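Residue 313 in UniProt numbering is what sits at position 313 of the sequence shown, and the numbering runs on without skipping anything.
I should point out that these hints are in silico values taken from the structure, not numbers from a laboratory. Every value quoted in this text rests on a predicted model; they were computed, and no experiment measured them. Where hints are given, some of them may not hold.
Stated by the list, open to error - The calculated lysine-lysine pairs, modelled on DSSO-like cross-linking and capped at a C-alpha distance of 30 Å, are:
{"id": "1", "residue 1": "K170", "residue 2": "K246"}
{"id": "2", "residue 1": "K253", "residue 2": "K207"}
{"id": "3", "residue 1": "K48", "residue 2": "K237"}
{"id": "4", "residue 1": "K219", "residue 2": "K207"}
{"id": "5", "residue 1": "K170", "residue 2": "K181"}
{"id": "6", "residue 1": "K162", "residue 2": "K246"}
{"id": "7", "residue 1": "K246", "residue 2": "K145"}
{"id": "8", "residue 1": "K261", "residue 2": "K131"}
{"id": "9", "residue 1": "K253", "residue 2": "K237"}
{"id": "10", "residue 1": "K237", "residue 2": "K170"}
{"id": "11", "residue 1": "K201", "residue 2": "K246"}
{"id": "12", "residue 1": "K215", "residue 2": "K131"}
{"id": "13", "residue 1": "K219", "residue 2": "K181"}
{"id": "14", "residue 1": "K215", "residue 2": "K170"}
{"id": "15", "residue 1": "K48", "residue 2": "K246"}
{"id": "16", "residue 1": "K145", "residue 2": "K69"}
{"id": "17", "residue 1": "K193", "residue 2": "K253"}
{"id": "18", "residue 1": "K246", "residue 2": "K193"}
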Amino acid sequence: MSAAVSNDRKRGKKRYGGGHGNKRWKGSRELEVGMQGILITCNMNERKCTAEAFNLLNEYADQLYGPEKLQENNGSSSDGEAEEEDVDVALKKEVAQLKASGAKRERRFMALDSGANNVIFIKTQNIEADKLVHLVLSDLHTTKKHKSRVILRMLPVTGTCKAFQEDMVKYLATFLEPWFKTPNCGTYQIAFKARNSSHNKRDEIIKTIAGMVGKLNPKNKVDLTNPELTIVVEVIKAVCCLSVVKDYSLYRKYNVQEVVKEDTPKPDAETETPGEKDEKDEKEMNKEEKRDEKETNKEEKRDEEEINKEEKKDEEEKKKGEEDRDNNVPHDKKEDEGDGE
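Whenever a hint applies, use it, and build me the whole structure from the sequences.
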């Protein structure tokens, strides 16, 4: 094999992703400030995660917005075949299909490099990401059907800014208004996560955002158990991804694997009969009485121990004093006897 042919093949592989399409799969573009979409975390298999994400999101996007028009030309039918075809042929085929469709707009979902391992970013076009993700999780929570194997969490991104505190504060000042500015208000929590970024301190960011929410309306209150709204802050490298979501606790932090699990049944206070409520109250009162009795016994025991300690201490001091006096008498006598000699 000549050196020229070898170099040409190397250049060809470099240009088209080394013969496996890895660079093309990662995406020629990365997550940038100004984008909206969905952050999806997975466990190691990003390629399969992306395929699952497209299937899941398209299924529910069709319910909200109808089928994507570009799909009529079967432009996406080559996705499965592209893995077996030569990358050069697959690229040319895709370009030809897009030209034939006459479409100039972007697809409604596009996979981009997020900048972090085990995290993919799906850029959305003309899609309300928070509404779509909530629909997905709501249906999974109701039906308890497993529709993915490698996807873990799906977090909508409805706003992005530079991941520096001054930029975040400036952006959040207007971003948070629709949910928290007077007359709007609600209970909330802040979920912060940073990846490949060390210049933002979690506690400091949370404290700053909480202060901003309080200024927008003093009626906004923090609730870490079951808040009405959750401010999601995901920092990846130099990009801060933001969203305000509902049912964050109910849908297990937007985890598609956890949300399909059966919920632990909790007693409903509204369905209790008066007799059941009285019985429950009586049990609580008995518990309180037993608890008080136990505490009283402990206190009495402590007091008794203290008294015994004091009495024992007095006895020891008294005994020691008597011993000292007994020891001093013979000593004085010996000195007197010595003087007499």
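Cross-check of the supplied hints:
no. : hint        : in the structure
1   : K170 / K246 : 24 Å, holds
2   : K253 / K207 : 21 Å, holds
3   : K48 / K237  : 24 Å, holds
4   : K219 / K207 : 17 Å, holds
5   : K170 / K181 : 15 Å, holds
6   : K162 / K246 : 25 Å, holds
7   : K246 / K145 : 21 Å, holds
8   : K261 / K131 : 22 Å, holds
9   : K253 / K237 : 22 Å, holds
10  : K237 / K170 : 19 Å, holds
11  : K201 / K246 : 25 Å, holds
12  : K215 / K131 : 27 Å, holds
13  : K219 / K181 : 10 Å, holds
14  : K215 / K170 : 14 Å, holds
15  : K48 / K246  : 28 Å, holds
16  : K145 / K69  : 28 Å, holds
17  : K193 / K253 : 13 Å, holds
18  : K246 / K193 : 18 Å, holds
Taken one by one, the earlier hints all hold for this structure without exception.
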